[in-house]
Amino acid sequence: EPEVTQTPSHQVTQMGQEVILRCVPISNHLYFYWYRQILGQKVEFLVSFYNNEISEKSEIFDDQFSVERPDGSNFTLKIRSTKLEDSAMYFCASSVRAGGPGHEQFFGPGTRLTVL
Amino acid sequence: QQPVQSPQAVILREGEDAVINCSSSKALYSVHWYRQKHGEAPVFLMILLKGGEQKGHEKISASFNEKKQQSSLYLTASQLSYSGTYFCGTETRGYQKVTFGIGTKLQVIP
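So the protein sequences, as listed, match chains A and R.
Counting from 1, one number per residue, gives the positions in the first sequence under the numbering used here.
Counting from 1001, one number per residue, gives the positions in the second sequence under the numbering used here.
Just so you know, the hints here were simulated from the structure itself, not pulled from any lab data.
Everything numeric in this text was worked out from a predicted model, so none of it was measured.
Among the hints, a few may not be true.
[What the hints assert, rightly or not] Far from chain R, by Cβ distances over 12 Å, these chain A residues were calculated:
#1 Val12
#2 Met15
#3 Gln17
#4 Val19
#5 Arg80
#6 Thr114
#7 Val115
[Claimed, not checked] Computed beta-carbon distance windows for the label pairs:
#8 A:Val96 - R:Ala1027: 36 to 46 Å
#9 R:Gln1002 - A:His10: 22 to 32 Å
#10 R:Gly1015 - A:Asp63: 27 to 37 Å
#11 R:Thr1076 - A:Gly16: 46 to 56 Å
Where is the CB? At the ideal position from N, CA and C, for every residue including glycine.
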């Protein structure tokens, strides 16, 4: 069964450093998402991406964050200068569509980001 | 605005039933239900579109009352594998982000 994959599974970085989290969405999916989940809390939407551009972003997704689809398979989230409060589990998800049937999102296993 | 889930936590014995509720202060286009086990990614259960439909997934079903802006997830004859945190996610219109609630922690004990 096709699945979303993410690398690395765990990333430790120093405050102020740049990190890139990588995702490979399911191959026939067209819509891609990044979510964040701070330990023990809810899943928070960061950004959605379609047709090589951002469709929607949350207030969390400020200028420190960027997303890219550098090739036909990868979808990346870059955090330019990490802060302590960026420590969280980051999930990538993908869906066939963005509304109605087909909007079900399939999540990757997540990357745990720890900022020291 | 995030949907409100209730209860926040529930403990069941195997075989018992549970209902998890999700409500919104805004008109809803769709409701999504996911289950997340500890340390794992959320797993899609079902999506309900406005129209009041009810869907089923094995012994887990859900309803959506668009007039009341509410959805309920029904777990019948619970199994140990049902343990986890259940999130509802809502869209207020199509082609929009899904906003998740804080989740309901469900624990099924023998």
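Interface-negative label, Gln17 (chain A) against chain R, beta-carbon threshold 12 Å = Non-interface label stands for Gln17 (chain A): nearest chain R Cβ at 25 Å, farther than 12 Å.
Is the gap between the beta carbons of Thr1076 (chain R) and Gly16 (chain A) within 46 to 56 Å?
-> Once the Cβ atoms are compared, 51 Å apart, the range 46 to 56 Å for Gly16 (chain A) and Thr1076 (chain R) holds.
Verdict for Gln1002 (chain R), His10 (chain A) (Cβ pair) under range 22 to 32 Å | For His10 (chain A) against Gln1002 (chain R), whose Cβ atoms are near 28 Å apart, the range 22 to 32 Å holds.
Outside-interface status for Arg80 (chain A) - nearest CB in chain R farther than 12 Å = Fine: 23 Å to the nearest Cβ keeps Arg80 (chain A) off the interface.
Would the least Cβ to Cβ distance between Thr114 (chain A) and chain R come out above 12 Å?
-> Label holds. Min Cβ-Cβ 15 Å, cutoff 12 Å.
Does Val19 (chain A) really sit off the interface, with its C-beta more than 12 Å from all C-beta atoms of chain R?
-> Fine: 19 Å to the nearest Cβ keeps Val19 (chain A) off the interface.
Assertion that Met15 (chain A) lies farther than 12 Å from chain R (Cβ) = Label holds. Min Cβ-Cβ 25 Å, cutoff 12 Å.
Non-interface claim for Val115 (chain A) versus chain R (Cβ beyond 12 Å) = The claim holds: Val115 (chain A) sits with its nearest Cβ about 20 Å from chain R, beyond 12 Å.
Far enough from chain R: is every CB of that chain over 12 Å from the CB of Val12 (chain A)?
-> Check passes; 17 Å lies beyond 12 Å.
Using the Cβ atoms, figure out if Val96 (chain A) sits within 36 to 46 Å of Ala1027 (chain R).
-> The hint (36 to 46 Å, Cβ to Cβ) is violated, given that Val96 (chain A) and Ala1027 (chain R) are roughly 25 Å apart.
Per the hint of 27 to 37 Å, is the separation of the Cβ atoms of Gly1015 (chain R) and Asp63 (chain A) within bounds?
-> violated, 52 Å
Of the hints listed earlier, those the structure fails to meet are numbers 8 and 10, in rising order.
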